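Given the sequences, and given the hints that come with them, work out the whole structure.
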Amino acid sequence: MRRKRGIWRTRRPGVVSKFGTTLGLCIATVASLFMAATNRLQPWEFVASYLVLAALFFCFALMLHSDAWPQRVGILVGLILLAELLGSSEQRDELNPTFLPYSLVLAASSVLVFSMRKTWRSVMFTAMTFLLVLGYTVLSALVIGVRPASAFILAAAWVITLAMRLGGPRALAQYWGDFAVRQESVAAHIVAQNRRSSAAWNARHLHDTALRTLTVIGRQGAGASSKELREMLDGGASAEIAARRASPSPGTAGASFAAMSPPKVTEPGDLAARLRLIAEKRARDGFSVEIHGMTGPLTATVQAALLAAVDECILNADRHAGAGHVDVLLSRTSDHVSVVVSDSGCGFDPSKLPTDRLGVKESVLARMRDAGGRARVFSAPGRGTTILLEAVNA
Amino acid sequence: MTMPAMSRTSVEGPLFVSREILATACFVLWILNFYLALGTGNKGGAAPWHVFASGLDLLGLLVAVRASDAGTQRDRLTTLRATWLVLILGASWCAMLATTPDTGLALIGANALFSAVSVLLVSHLWNLRGFIALTVAIGIISTGLYTVTPGADPRAAWNILFLSLLPGFVGSVSVLLRRDAIQRKGAGCLSERLDALTEAIDATTSVRELELASTKAQIDELFAKVAQAPSVPLDPEVAREARELAGNLRQLLMEEWSDNWLTEALELEGLGGGAIFAQAADIVEELPESSRPAILAATMLMTAGTTLRGTHLGGMYRPGTAPRPTAAHRIHFFAEKSGQDGFRLTWRISGVHKSHLSPLLWTELASLGRPAVRNDRGGCSIVVETAGWRR
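Protein sequence lines, in the order shown, are assigned to chains S and Y.
Its first residue numbered 407, the first sequence is counted upward by one per residue in the working numbering.
Its first residue numbered 129, the second sequence is counted upward by one per residue in the working numbering.
Worth flagging that the hints you see were computed from the coordinates, not collected in a lab.
Model, not experiment: these values are computed from the prediction.
Every residue, glycine too, gets a C-beta built ideally from N, C-alpha and C.
Just to be clear, a hint being listed does not mean it is correct.
Computed spacing ranges between beta-carbons, pair by pair [as the list claims (entries may be wrong)]:
1) Y:Ile159 - S:Val479: 25 to 33 Å
2) Y:Glu339 - S:Leu572: 55 to 63 Å
3) S:Leu759 - Y:Thr332: 22 to 30 Å
4) Y:His484 - S:Val479: 40 to 48 Å
Structure follows, in C-alpha cells:
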C-alpha cells in the first residue's frame, strides 16, 4: 500500500505541538464558558454548544496522540460552530465588553499551525484552514456591520503560532545542544580535576619522600648523619609499603602512584603547637626555627596544608638558603589565616625558579591553592626569603 | 558524583527557550494594539490618550527587548525592568483614559494581553520567582485599572484577569517542565559522560604510569642497596645513580604538569585544537577553584556552541554529541592578573558576532564577573574581570 504523506500522514506530535494544543484547549474552553455565562442562550443553543465543546475536547485529546487531518478539521469546524452558537451579535463588536472571548475562541484555531509539515500540500492545507476561519470571521463582522477587529486578533494569533512553529523546534534543539556542551564541560572539569588532584598528590608525596632522599644520597649523604639517612630511608620504605597497600591489585602494584589516595587530613588542633614540634624536629646545630603568634582552631584541610607547606619552607631554608634561623609568624582575622615564613638567607629570584624544582611549586604553592588559599613568595638574591601563606578558614 | 542541585525558582535566566519568538509575539500584539487604538481614536474624538498608550507600549517593548538581550550588563537589568514597569503602567493608564463607553473595551483588554506577554520578554534573563512576581503585579495592575475604567463591565474584569495571567501561567509551566527534563536527563547523561571520560583518561595515563612505576622500582632497589650500608659519605657510584634517578623522576613529574587544567579538560573533550592559550600556564593554574567550572563551560560554549546553529537538530542531549569546533571559530584565551587578587580573562573569538553566541554563555560569564564585549570585523572579544581567591 502506498504510504500516505504530507497532510494525510499521521504523526506523533512533538513537545512544542503538544504544549500548544493543550494551550489552545484551555483558551477555547475558558473563553467558551465565559461567553456562555454572559449570554442568555436558548435551550437548544445551550445543548448544542456543550455538545460541540465535548466534541472539541475529544478532537484536542486526539491531537495529543496524533495530528491526523480528521482531528484538525474537527477542531476547525468545532471552533467556528462554537463561536457561532455562543457569540451573540453584540459580542462580535469590539465595543462590547465581552468581545475578547469571542475572538479568543476563534484564535484557538491557530494551534493547527503546529501540525504543519515541510511539504507544499501541508502548507496549502494549513493556509486553507486559515483562510476558512478568517473568511468566516470577516463575513460574520460584515453581516453585523462592525469593524472586523476579531479578524485582526485571529491573524495575530496565527502569526504568533507560525513563529513558534517555525522557530520553536530549532530554538529547542539549540537550547539542548548548548545544555549538552555545558554538561560535557561539567564532566570534563570533574575528570580532569580528579586526575590532576591525584597527580598533584603523587608529585608532592614523591617529592617529600623519594626525591628528598635521592637528593641526599646524590650528595653522598653530605649534611646528614648515618642515623638521619637511615630514618629517611625508613620513612621512604614506609611510604612505599603504604602505597603498595593502597594499590588495587597485585598486577598493577608497580603502577600504584595513580592509585594512591591522598592521606586523611590531620585532626584539627592548635597549629602553633604542631609547628613547634616540627621546629624542634628540624632544629640542629646552627639552624633554629622560632614560632610566633597563634591561629586558634582551623579546619582540618587548611591545617594539614599549612603544616606541610610550612615544613617544606623550613626545609628549603635549611638546605638552600644557608640561613641559620627561620621565623614563622602566625596570625588570623575573622575568617582568614596567614602564616609568614621568613629567613635572611641568600634569597633567589622567584621568576627564575627552574621548572623542575617541585618543592616550592608543588609542595607550597599548589598545595595552598588546592586547600582554597594561596601562597606568595617574596625574595631577591642576597635579601632573604619571605613566603606568605594565606587561607580562608571556613 | 552528582550534578549540582538546581533550585527551581532562583536560577538566573535565560528562562525561556527563544527570545526571538517572544519578541515576535510582542511585536505582533503591539501592532494589534495599535490597530485597536486607531479605532478607539476614531470613535473617541481628539483625545490623544490612545496615541500615548501605543507610544508607551512601543517604548516598553524596546526596553523589554534590551532587557532580554544576553549581552546586556546584568547590573543594568534591574533598572531596565523598573523602566519597563513604569512604561507599561503608563501605557495601561493611558489606555484606561482613552476608554469610554463609546470607544469600547477592546483596547484595554489587548493592552493587558500585550503587557502580560511582554513580561515573558522582560523576565527572560531573570529567575522564575521574579517572573511570577512580575506576572502577578501586571495582572493586578491591568485588572485594577480595568475596574476603575468608566463603563467597565464587572463581568469582563475576570476576562482581563484571565488574559493577564495566562501567559505567565503558560511560561511558568514551560519553565518547570523544562527544568524537570534537565534534571532528569542531565544527571543520567552526566554520569554516562563521566564514565566515558574516565575510561578515556585512564587509557592515556597508563603509559605514563608504567614509566613512573619502572623508575620507582629502580629507586626501591637503590634505597635497599643504601639501607644495607647507610654510612656517610656514600659510594660515589651510588650517588651518581641517585642523581640520575632523581633527574628521571623530576622529568616524569614535570610531564604530568605540562598542561594546565583548562587545556587538559578541553583536550579531554576533543576541543584542544579549538582554543589557543596566549599566556603561561602558571596564571591559568592560579585561577581560583570556584571560577574554573564557569571558565571551562564558557570556553567550551565558545568553541562548540558557536558552530551549534543549524547543526544540532536532534533536540535531545546525548553524551558526546556536542558539536565540534571548526577552524573558522578559533578561540584565543588570555589570562592576566588584575588588581590585588583578581584576574582579567580575555577571549578572542574569530569569525563570530557576539549575537551568535549562546545565551548560556552569558550566564556563565555573568557568574564570573561583569563581561565587556566588543565586536569588530574579525570577530568579537570578551573581557571579564573576575575576583581572586578571597571571593
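Consistency of the hints with the structure:
no.: 1; hint: Y:Ile159 - S:Val479: 25 to 33 Å; in the structure: holds, 30 Å
no.: 2; hint: Y:Glu339 - S:Leu572: 55 to 63 Å; in the structure: holds, 57 Å
no.: 3; hint: S:Leu759 - Y:Thr332: 22 to 30 Å; in the structure: holds, 29 Å
no.: 4; hint: Y:His484 - S:Val479: 40 to 48 Å; in the structure: holds, 41 Å
Of the hints listed earlier, there is not a single one the structure fails to meet.
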